[in-house]
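*Asks:* Listed here are the chains, written in short residue letters.
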Amino acid sequence: MALPTYTETRYRIWHYFYIGFCTFVFIFLIAPLFVIFPLSFNAEEFLVFSEGMKNLDPDAFSLRWYHEMVYGTKNPWGLAAKNSFIIAIFATIGSIILGTLAALGLSSRHMPYKGLIMAVLISPMIVPLIISGVAIFFFMAKVGLAATHTGIILAHIILGTPFVVITVTATLSGFDHSVTRAASSLGSNPVNTFMKITLPLILPGVISGGLFAFVTSFDEVVVVLFLAGLDNTTIPVQMWTGLREQLSPTILAVATCLIILSTLILVTAELLRRRSERLRGISR
Amino acid sequence: MSSETKQILTTDGIPLEVSLKKAEKKNKIKAFLLVAPLLLFLFITYVFPIGEMFTRSIDDKMITNMLPKTFKAMEKWDGKELPPEEVFAGFYLDFKVLVKNQEQGKLGQRLNKEKNGFNSIVKKLMRQIKRNKIDETISIKEQIMKIHKRWRNVEYWQAIKRTAPPYTMAKYLKGMDMYYAADGSIAQVDEDRRIHRILWLRTLEIALFVTIFCFLMGYPIAHLLATLPMKYSNLLMICVLLPFWTSLLVRTASWMILLQQQGVVNDFFVMIGLVADNNRPEMMYNKVGTYVAMTQILLPFMVLPLYSVMKTISPSLMRAGKSLGGTPFVAFWKVYFPLTIPGIGAGCLLVFILAIGYYITPALVGGASGTLISNHIAYHMKETLDWSFASAMGLMLLTGVLVVYWIYNKLVGVDNIKLG
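Chains A and B are the protein sequences, given in the same order. Start counting the first sequence at 1; every next residue gets the next number (the numbering used here). Start counting the second sequence at 1; every next residue gets the next number (the numbering used here).
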């Protein structure tokens with residue numbers, strides 16, 4: 001963003017102010033994530049940088065809290081992590097299947113009441129979580145699924161499908177329908193056409209929708225707080241109780257692991273997005 | 001012409017028009033069948049339960065079912081003076097059934113909410129009935145009135161009459177700090193007890209300011225990201241996307257660490273001499289904490305729609321504006337800014353809708369001033385178990401959100417939501 005030499009001084013000043021402000025905002029966005037990282041290696045029990053850490057004294061750093069996270073006595077993280085992964089994986093699979101089917105129907109030009117149906121399908125994303133939580137809780141309590149994994153998985157499918165519907169519809173918007181027609185005219189049945197032609201082409205959209213659904217489920221706490229019993233606590237619920245009661249550095253160790261996980265997801269999502277753009281020929 | 005088109009037949013001998021219509025219909029059904037599983041699933045597990053919240057919030061059938069004979073007799077009563085003998089007799093018969101089923105306690109509690117003092121006189125009446133002190137051959141009105149002086153007070157009978165309808169708006173009125181007064185009119189709660197209005201206003205205020213902060217911070221960086229060459233902007237985009245993908249609780253936790261009194265931000269302020277070491281400002285457990293944390297958490301939702309709109313604006317438009325004699329500011333204001341309005345609408349409404357239903361972050365970093373409507377709903381769901389009130393509050397919030405969503409749909413269209 002070099003300025004041309006003829007720029008007047010006041011625009012020059014304005015430009016540097018703009019760059020400075022943007023730098024501040026980027027730091028504001030990303031810095032909080034980096035505070036957690038060094039503090040999780042704190043040898044002490046307090047959540048502040050000790051004198052030793054400021055002087056980079058090696059004794060001030062330790063893996064104590066990671067050890068605590070994995071081997072600590074009556075620690076809830078093992079169970080919570082297991083539950084979180086089981087729930088998120090099943091919720092993702094459910095969201096992908098239901099969401100992709102719905103997106104295929106929605107992108108057909110024969111679909112009646114498209115706008116209305118889309119609005120209903122996306123509503124779980126728009127309705128405040130607390131209301132979704134209350135409504136889903138009433139339903140699950142009535143059918144006896146409260147405090148079960150199944151109940152939480154179903155709830156997360158509700159919350160996750162809008163993302164799959166949106167990403168897959170977006171992918172299908174650039175989809176050339178003549179390829180499926182070509183397949184049919186060459187004698188392929190609809191299922192075969194879908195598996196061999198459509199699915200490989202929309203796969204990036206499906207997977208990135210699935211990633212959204214996974215993260216939504218993995219990070220969801222409001223609905224789980226309503227639905228979960230003692231056996232179904234998840235990582236976010238444990239963090240929520242931990243942050244409310246006593247801030248132990250173990251939470252920071254968990255948080256660091258979660259940041260690493262989200263970095264991996266980000267990289268995957270980004271690679272998929274680029275691949276999808278390349279396939280649709282809109283990459284620059 | 002029309003006679004000619006009619007003659008076009010398919011190989012099966014069916015007119016083409018009919019055959020085409022049939023195929024179209026088949027396609028329509030096919031498309032709908034693909035959507036049907038999700039639609040059905042959402043209706044059963046989500047849309048109907050929300051509807052059920054509504055019936056739950058206005059439901060007041062308990063007393064209606066408990067005192068059927070009383071309310072039947074009360075239909076003829078004008079409600080001004082003490083009710084006639086039939087009402088007392090009906091009430092006595094209803095009450096006897098309740099005592100037999102041991103449900104009179106529930107009645108007393110519910111009536112006590114309507115008017116103070118019911119609990120004790122219901123208990124008194126119950127004891128008299130259990131001891132068979134009431135003679136059914138003579139006037140029941142006289143006997144009941146003798147039990148306690150409140151049974152002789154017309155106001156208590158008016159209170160019973162008010163509970164007759166099976167549906168009530170009382171929970172909604174309570175959510176707005178209003179209630180039904182003794183004469184059935186709507187009255188305001190005393191000024192010092194209007195807690196719900198404070199909550200609504202606070203929620204609205206926080207959502208509004210967070211939206212403004214997000215816009216002020218998001219617009220410049222979205223512009224920078226959209227105008228920088230790809231290789232730099234991709235790198236900077238990570239700063240937006242990484243927080244977006246990171247757990248909400250992780251980000252809230254990091255703000256708790258940053259903003260605490262011995263935290264990094266305060267350390268920094270002390271270091272540059274902005275505040276004295278012994279006079280560190282409290283930045284958490286108040287509104288400052290809520291604003292800072294929520295702005296950072298919701299900022300990506302502002303930047304991403306803005307970015308996707310700005311990316312489509314050709315840089316030559318700004319150059320054209322400048323070459324036609326506009327200063328950079330004029331060119332920006334007259335050319336660039338109007339083109340970004342769809343993105344601004346999308347970003348602002350998205351952030352506003354998300355902020356107005358926020359729950360976790362304000363509860364953790366907001367302290368007492370961080371209690372918003374959502375927290376209040378959760379409180380009534382989990383602590384007081386007043387589910388009908390929680391439902392009423394939830395639906396009031398939902399109505400607000402749907403209005404905003406409707407505007408959003410009009411301005412940008414729901415199917416224009418883009419992710420990442």
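Calculated from the structure, these hints are not laboratory results. Computed from a predicted model, the values in this text were never measured in an experiment. Any given hint might turn out to be false.
Now the stretches of chain A that chain B is said to cover, found in silico as 3 or more residues with beta-carbon under 8 Å [claimed, not checked]: (1) 34-41; (2) 128-137; (3) 259-273.
Derived lysine-lysine pairs resembling DSS-like cross-links, with alpha carbons at most 27 Å apart [stated by the list, open to error]: (4) B/K146 with B/K174; (5) A/K82 with B/K382; (6) B/K69 with A/K196; (7) B/K146 with B/K130; (8) A/K142 with B/K382; (9) A/K114 with B/K61; (10) B/K26 with A/K114; (11) B/K123 with B/K133; (12) B/K22 with A/K114; (13) B/K72 with B/K22; (14) B/K61 with B/K133; (15) B/K30 with A/K114; (16) B/K113 with B/K124; (17) B/K22 with B/K76; (18) B/K21 with B/K69; (19) A/K196 with B/K26; (20) A/K142 with B/K106; (21) B/K25 with A/K114; (22) B/K382 with B/K410; (23) B/K21 with A/K114; (24) A/K142 with B/K26; (25) A/K114 with B/K28; (26) A/K196 with B/K28.
Each residue gets a CB set at the ideal place from its N, CA and C atoms; glycine is no exception.
*Asks:* The structure should be examined with respect to each hint, and the outcome stated for every one.
*Replies:* Structure-based check of all given hints:
Taking a C-beta to C-beta cut-off of 8 Å, the region 34-41 of chain A contributes 3 residues in contact with chain B, enough for the three needed, and the coverage statement holds. For the region 128-137 of chain A, the stated coverage by chain B is satisfied: 10 residues place a CB nearer than 8 Å to a CB of that chain, which reaches the threshold of 3. Only residues whose C-beta sits within less than 8 Å of a C-beta in chain B count toward coverage, and the region 259-273 of chain A has 8 of them, enough to reach three; the restraint holds. Distance check on the hinted pair: B/K146 and B/K174 sit about 35 Å apart at the alpha-carbon level, beyond 27 Å; violated.
With a C-alpha separation of about 26 Å, the suggested pair A/K82 and B/K382 falls inside the 27 Å cut-off, and the hint holds. Taking the CA atoms of B/K69 and A/K196, the gap is about 70 Å. The hint is violated against a cut of 27 Å. Taken as a hint, the B/K146 and B/K130 pair is honoured in the structure, with Cα atoms around 16 Å apart against an allowance of 27 Å. Distance restraint check for A/K142 and B/K382: the Cα-Cα separation of roughly 17 Å lies within the 27 Å cut-off, and the hinted pair is therefore satisfied.
Taking the CA atoms of A/K114 and B/K61, the gap is about 39 Å. The hint is violated against a cut of 27 Å. At most 27 Å may separate the alpha-carbon atoms for a hinted pair to count; B/K26 and A/K114 meet this at roughly 17 Å. With a C-alpha separation of about 14 Å, the suggested pair B/K123 and B/K133 falls inside the 27 Å cut-off, and the hint holds. The hinted pair formed by B/K22 and A/K114 meets the criterion: a straight-line CA distance of about 20 Å does not exceed 27 Å.
Of the pairs offered as hints, the one joining B/K72 and B/K22 is violated, with about 58 Å between alpha carbons and a cut-off of 27 Å exceeded. Distance hint between B/K61 and B/K133 is unfulfilled; the C-alpha atoms sit about 30 Å from each other, more than 27 Å. Using a Cα cut-off of 27 Å, the hinted pair B/K30 and A/K114 holds, with the two alpha carbons roughly 14 Å apart. For the hint pairing B/K113 with B/K124, the CA-to-CA distance comes to about 18 Å; that is within 27 Å, so the pair holds.
Between the alpha carbons of B/K22 and B/K76 the distance comes to roughly 62 Å, so the proposed pair goes past 27 Å and is violated. For the hint pairing B/K21 with B/K69, the CA-to-CA distance comes to about 60 Å; that exceeds 27 Å, so the pair is violated. Of the supplied pair hints, the one linking A/K196 and B/K26 holds, its CA atoms being roughly 23 Å apart against a limit of 27 Å. This hinted pair checks out: A/K142 and B/K106 have alpha carbons roughly 23 Å apart, not beyond 27 Å.
Restraint check for B/K25 and A/K114: satisfied, since their Cα atoms lie roughly 15 Å apart, inside the 27 Å limit. About 37 Å separates the Cα atoms of B/K382 and B/K410, which puts this hinted pair outside 27 Å; it is violated. The hinted pair formed by B/K21 and A/K114 meets the criterion: a straight-line CA distance of about 19 Å does not exceed 27 Å. Distance hint between A/K142 and B/K26 is unfulfilled; the C-alpha atoms sit about 38 Å from each other, more than 27 Å.
Proximity of A/K114 to B/K28 is assessed by CA-CA distance (about 11 Å); at most 27 Å being required, the pair is judged to hold. Of the supplied pair hints, the one linking A/K196 and B/K28 holds, its CA atoms being roughly 23 Å apart against a limit of 27 Å.
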